[in-house]
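Listed below are the residues making up each chain.
There are 2 protein chains.
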Amino acid sequence: MNAPIGIFDSGVGGLTVAKEIMRQLPGESLVYFGDTARVPYGTKSKATVCKYSRQIARFLQTRKVKAIVIACNTASALAREELEEMVDVPIVDVVRPGAKMAAETTRNKKIGVLGTRSTIKSGIYERYLHQIDAEITVVSKACPLFVPLVEEGLFEDRITEDVVGRYLHDMKEYEIDSLVLGCTHYPLLRGVIGRETGDGVRLVNPAYETAKSLKEMLKEKELLAPAGGEVTHDFFVSDGADEFISFANSVLPRRVENTSLVDIEAY
Amino acid sequence: MNAPIGIFDSGVGGLTVAKEIMRQLPGESLVYFGDTARVPYGTKSKATVCKYSRQIARFLQTRKVKAIVIACNTASALAREELEEMVDVPIVDVVRPGAKMAAETTRNKKIGVLGTRSTIKSGIYERYLHQIDAEITVVSKACPLFVPLVEEGLFEDRITEDVVGRYLHDMKEYEIDSLVLGCTHYPLLRGVIGRETGDGVRLVNPAYETAKSLKEMLKEKELLAPAGGEVTHDFFVSDGADEFISFANSVLPRRVENTSLVDIEAY
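Each protein sequence line maps, in turn, to chains U and H.
Every number in our numbering is 330 more than the matching position in the first sequence, counting from 1.
Every number in our numbering is 330 more than the matching position in the second sequence, counting from 1.
Calculated directly from the structure, the hints in this document are not laboratory data.
Please note that a few of the clues may not be correct.
Which copy is meant is left open, because identical chains are indistinguishable; a pair holds if it fits in one copy or across any two.
Result set (DMTMM-like, lysine to aspartate or glutamate): computed pairs, CA atoms no more than 25 Å apart in a straight line [said to hold, decoys possible]:
#: 1; residue 1: K381; residue 2: E595
#: 2; residue 1: K471; residue 2: E573
#: 3; residue 1: K376; residue 2: D572
#: 4; residue 1: K451; residue 2: E526
#: 5; residue 1: K376; residue 2: E573
#: 6; residue 1: K451; residue 2: D572
#: 7; residue 1: K471; residue 2: E456
#: 8; residue 1: K471; residue 2: D492
#: 9; residue 1: K545; residue 2: E350
#: 10; residue 1: K349; residue 2: E587
#: 11; residue 1: K451; residue 2: D593
Could you build the full structure based on these sequences and the hints that come with them?
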């Protein structure tokens with residue numbers, strides 16, 4: 331089917347998911363929406379995240395998308411069910427694929443999950459992981475300073491090392507062997523996180539598995555784009571289009587030429 | 331005049347200003363609005379901060395306020411002029427009083443300003459300080475990690491000390507003698523900031539001076555509440571009313587009993 335895939339995130343973090351989708355599904359057109367005016371979602375209530383997600387889904391529907399990818403862990407945790415009731419296209423989120431991958435990765439059935447306050451508070455990773463295997467022990471930790479550190483560009487820094495050490499301190503005694511990076515910003519800190527956890531812990535980045543799930547779903551539902559069609563990548567944000575473009579060009583393999591502002595509250 | 335004073339902030343930080351107003355103007359009723367759904371403002375564009383501020387001003391006008399206090403440095407920096415054109419009640423912001431106080435405090439005419447990215451980028455403190463005295467040297471620095479550190483409760487912590495040291499490092503060679511804490515969250519880090527700058531630097535918290543300016547303005551315009559009238563303090567937020575109440579009760583001298591949710595996008 332020759333319609334684009336809609337992807338949304340609270341801001342720029344979802345571009346790591348978009349990148350993986352471009353890699354695994356190079357023939358698909360994408361419409362990306364980043365809610366840069368109302369970022370972050372990780373501290374907001376379920377009611378507010380649902381409202382914002384509904385507005386974005388309405389916007390994406392005006393672009394005739396054939397599927398929606400929720401490329402934000404918080405929105406995946408809080409708004410997936412509401413969106414499923416509202417839209418008639420299939421939805422892929424980042425939490426289920428991330429949980430699935432972690433469950434396949436672990437050997438000792440002890441899994442750590444890092445996320446925003448709202449994602450951790452929702453208990454969604456525990457729920458999915460326990461649906462897969464009730465014997466898995468899940469240790470989760472909210473890491474509210476990670477997103478600001480990433481946005482300050484402190485990927486490799488003593489301050490980041492201190493913060494990572496602090497957040498992971500209590501997790502150590504549980505001897506986890508897999509750690510889910512449950513926020514799209516966190517893979518950018520994987521160097522520091524990996525040094526802190528050591529070689530025995532496998533870091534799980536849901537972006538790869540999300541793109542894989544999307545591909546399987548499109549195939550199953552016969553929604554894949556026909557070969558040889560035109561491929562377009564359109565970007566929309568609710569604020570700061572210029573900053574978005576420069577970040578997008580540092581993350582994505584193809585050059586982002588322009589990004590349009592959307593008055594998302596009007597949807 | 332027996333109408334309330336409207337106060338708004340991007341979230342909870344403005345409560346430090348509300349507290350000072352309650353102290354200096356105990357006979358005045360207040361309507362506080364915290365835009366907790368769309369916090370923070372410090373990373374947003376002028377267009378977006380103006381739009382949000384206009385919505386809030388429209389909401390405050392439905393509460394028949396006799397004056398509006400912009401208790402957020404970023405909104406003061408970016409939206410004051412727009413609001414003045416829009417509303418017919420007097421407006422007090424936090425930046426002008428803060429700049430005035432810093433200009434009165436300095437002896438060597440070297441003033442530092444700490445603020446959010448958007449406040450610093452606006453150049454508003456430089457502009458006001460140079461209007462007062464063109465010979466003042468202003469050294470300003472955006473400190474995007476301060477708000478997240480405050481919201482994590484790390485008021486006294488080695489991580490906070492490291493971050494403060496990093497942000498203030500370049501400022502040291504300028505030998506400032508006054509430092510404006512140009513964001514309502516920053517006074518909560520004054521312990522660490524003060525140790526880093528040392529005794530020779532006076533920290534300027536605009537909240538005190540803002541309440542003083544408000545009092546003078548109400549007096550001059552004969553808008554002070556008549557003695558003996560009923561005093562009410564009403565609180566409104568756009569998200570997370572329960573979290574707001576618990577924070578408000580840790581900051582304010584009077585107990586906040588309830589806080590109402592407002593659908594601010596509808597204004």
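Of all the hints given earlier, name the ones this structure violates by number, lowest first. none
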